[in-house]
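Number of protein chains: 2
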Amino acid sequence: MKALRLSTLLLALLAGASSAADSPARPGASSQDTWRDVSADNLVLISTRYGTVAVELAPDFAPNHVARMRKLLRSHFYDGRTFYRVIDGFVAQGGADEDKSATPDAPVNAQILKDWPPLKAEFDATLAAGDVFAPLGNADPFAPEVGFIDGYPVGRDPKDGKSWIIQCPGVFAFARDNDENTATTEFYIVIGQAPRRLDRNLTAFGRVISGMQLVQKLNRGDEQVDAGVIGDVSMRDPIIRMSLASELPEKDRPHYQVMRTDSPTFAGMLAQRRHPPPEFYHRPPSPNLDICGVPLPVRLRP
Amino acid sequence: MKALRLSTLLLALLAGASSAADSPARPGASSQDTWRDVSADNLVLISTRYGTVAVELAPDFAPNHVARMRKLLRSHFYDGRTFYRVIDGFVAQGGADEDKSATPDAPVNAQILKDWPPLKAEFDATLAAGDVFAPLGNADPFAPEVGFIDGYPVGRDPKDGKSWIIQCPGVFAFARDNDENTATTEFYIVIGQAPRRLDRNLTAFGRVISGMQLVQKLNRGDEQVDAGVIGDVSMRDPIIRMSLASELPEKDRPHYQVMRTDSPTFAGMLAQRRHPPPEFYHRPPSPNLDICGVPLPVRLRP
Numbered sequence: 001m002k003a004l005r006l007s008t009l010l011l012a013l014l015a016g017a018s019s020a021a022d023s024p025a026r027p028g029a030s031s032q033d034t035w036r037d038v039s040a041d042n043l044v045l046i047s048t049r050y051g052t053v054a055v056e057l058a059p060d061f062a063p064n065h066v067a068r069m070r071k072l073l074r075s076h077f078y079d080g081r082t083f084y085r086v087i088d089g090f091v092a093q094g095g096a097d098e099d100k101s102a103t104p105d106a107p108v109n110a111q112i113l114k115d116w117p118p119l120k121a122e123f124d125a126t127l128a129a130g131d132v133f134a135p136l137g138n139a140d141p142f143a144p145e146v147g148f149i150d151g152y153p154v155g156r157d158p159k160d161g162k163s164w165i166i167q168c169p170g171v172f173a174f175a176r177d178n179d180e181n182t183a184t185t186e187f188y189i190v191i192g193q194a195p196r197r198l199d200r201n202l203t204a205f206g207r208v209i210s211g212m213q214l215v216q217k218l219n220r221g222d223e224q225v226d227a228g229v230i231g232d233v234s235m236r237d238p239i240i241r242m243s244l245a246s247e248l249p250e251k252d253r254p255h256y257q258v259m260r261t262d263s264p265t266f267a268g269m270l271a272q273r274r275h276p277p278p279e280f281y282h283r284p285p286s287p288n289l290d291i292c293g294v295p296l297p298v299r300l301r302p
Numbered sequence: 001m002k003a004l005r006l007s008t009l010l011l012a013l014l015a016g017a018s019s020a021a022d023s024p025a026r027p028g029a030s031s032q033d034t035w036r037d038v039s040a041d042n043l044v045l046i047s048t049r050y051g052t053v054a055v056e057l058a059p060d061f062a063p064n065h066v067a068r069m070r071k072l073l074r075s076h077f078y079d080g081r082t083f084y085r086v087i088d089g090f091v092a093q094g095g096a097d098e099d100k101s102a103t104p105d106a107p108v109n110a111q112i113l114k115d116w117p118p119l120k121a122e123f124d125a126t127l128a129a130g131d132v133f134a135p136l137g138n139a140d141p142f143a144p145e146v147g148f149i150d151g152y153p154v155g156r157d158p159k160d161g162k163s164w165i166i167q168c169p170g171v172f173a174f175a176r177d178n179d180e181n182t183a184t185t186e187f188y189i190v191i192g193q194a195p196r197r198l199d200r201n202l203t204a205f206g207r208v209i210s211g212m213q214l215v216q217k218l219n220r221g222d223e224q225v226d227a228g229v230i231g232d233v234s235m236r237d238p239i240i241r242m243s244l245a246s247e248l249p250e251k252d253r254p255h256y257q258v259m260r261t262d263s264p265t266f267a268g269m270l271a272q273r274r275h276p277p278p279e280f281y282h283r284p285p286s287p288n289l290d291i292c293g294v295p296l297p298v299r300l301r302p
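Chains as they are written, first to last, in the numbering used here: chain S, 1 to 302; chain W, 1 to 302.
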């Protein structure tokens, strides 16, 4: 009897980068060539009822927003707050939700704004010389150039030399009001098809490196009502704790590694995705890749 | 005191189509011009522990796969089975998971294959004259032409006149083995950034019209282990019931309507997304849209 495992190969080929990731392309290449340690100062751990989500911060792209986030985490600002505005296919927003908690008698808003004044936007950055941009290898409908820097999906404009993190699923950013320079404490995680119009219009400064499947479990609001804010407060998923790993005892810190996107291993993975095996793909797909559809491998340090 | 509601406008503008959807673009246009009723014969209801997911079937694109699905539903094939292979950012696959349940002594596989023989692939279709293709209005990196037909995101090739449903988030399709003509009973729902390489390589024949946020709650497998199959059977989310609405008593049928993608209202929504308001978007985004990033409005019949 032939057991039929439907689409096993499909999933094996598409879903992960494990085989490429585990076998360096260059004989003799050390694991240091392929993997980069995530610094504890850049590692955010969000404890939810579903488990812990890990976010890596990207200070090169938005130094002041990263500094603000570290300061918020050191003061345990988010502990006990919620994901209060979660829109399926778009973003999960967490923080203080100032409107709901503010009343004339308890103006928590005013206090938050005083403690955490609005930041100047860091929508894009002129990176220091020596950054390693690994081009995706095909055109993108939304940016002059796209590729990867340090494991982040990045857009670049050769005209002004600016780079920015693209708003792919998993990207971590500060929300803001209409004015550009109004980010204070509220953050969001992209949870749906990349909302590329947000590129360079909001400050993205990190990405989820573990636990996106937990973020996806968060209760949603109704996008047609109050812009997705979850009206029934009891339905908002709590942020039980949100910590900077470097503030934790050494024994409590997970040690993540992200694949170096300038490594031959990553280049090999891209090539494999561009030309997937004909055994399954009887019609060769377009050789174009979607910058937000490329998995960025992460592992715990062996 | 100015209460700061961070990014409310952002979310209101981006997330939904409610304002456009509720105000027809042509004065005097009746609601019949904007909304299309979903036929009970094309409506699949998947009951999960998180709530009910609704899928609309698209017989024009894959008549034999739709006929198979209706037959499977009438025989209650899926009731009590599971979502057994769920890969975050990719697909949620449900059905019998033949490999796990098959042993030489209990060859459920063989019986399933006998009862539900492999189908000839319907990766694309020559639609009948009169289909209304509403072009997206910009180029796509993966298909010669993209647009919308009957509320589905569709690719077209003018060279051979074929059309196909694009594998956007929420699209419903049959899994298969390496051979093209091996779909039998296993289905999947796309849950991540659109895996466009699957376009025209698998048979897509519907889309989720309600409850994607419930699909997102499904427990995931580990993509690095057994191609995402959830090894601990107790962690697989059950398909409690999976029914064709036309088989249910009238009182138990929800009545959905999807926005006509050939309506002026939808065209207005597209234009609004292409040029979002400068009050928030201080840097005008690329006027290009992602075919999989356009919301396809659905409502319950008023």
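Among the hints, a few may not be true.
Claimed, not checked - Part of the chain W face toward chain S, derived, beta carbon under 7 Å:
1) Arg70
2) Leu72
3) Arg74
4) Phe77
5) Phe142
6) Glu180
7) Asn181
8) Gln193
Everything labelled a hint here was simulated from the structure, so no lab data went into it. Beta carbons are placed, not taken as given, at the ideal position from N, Cα and C, and that holds for glycine.
Hints, verified against the model:
1. Because the beta carbon of W:Arg70 sits about 20 Å from the nearest beta carbon in chain S, more than 7 Å, this interface hint is broken.
2. Contact between W:Leu72 and chain S, as hinted, is not supported at the beta carbon level, the nearest pair being about 14 Å apart and thus beyond 7 Å.
3. With a least beta-carbon distance of about 21 Å to chain S, the hint placing W:Arg74 at the interface is violated under the 7 Å criterion.
4. Interface restraint check for W:Phe77: the shortest CB-CB distance to chain S comes to about 14 Å, outside 7 Å, so the restraint is violated.
5. Checking W:Phe142 against chain S by beta carbon gives a least distance of about 4 Å; that is within 7 Å, so the hint holds.
6. This hint holds: W:Glu180 has a C-beta 5 Å from the nearest C-beta of chain S, less than the 7 Å allowed.
7. A hinted interface residue such as W:Asn181 counts as satisfied when its beta carbon comes closer than 7 Å to some beta carbon of chain S; here the least separation is about 10 Å, so the hint is violated.
8. The beta carbon of W:Gln193 comes within 5 Å of a beta carbon in chain S, closer than 7 Å, and the hint placing it at the interface holds.
In summary, the structure is inconsistent with hints 1, 2, 3, 4 and 7 from the numbered list given earlier, while agreeing with the others.
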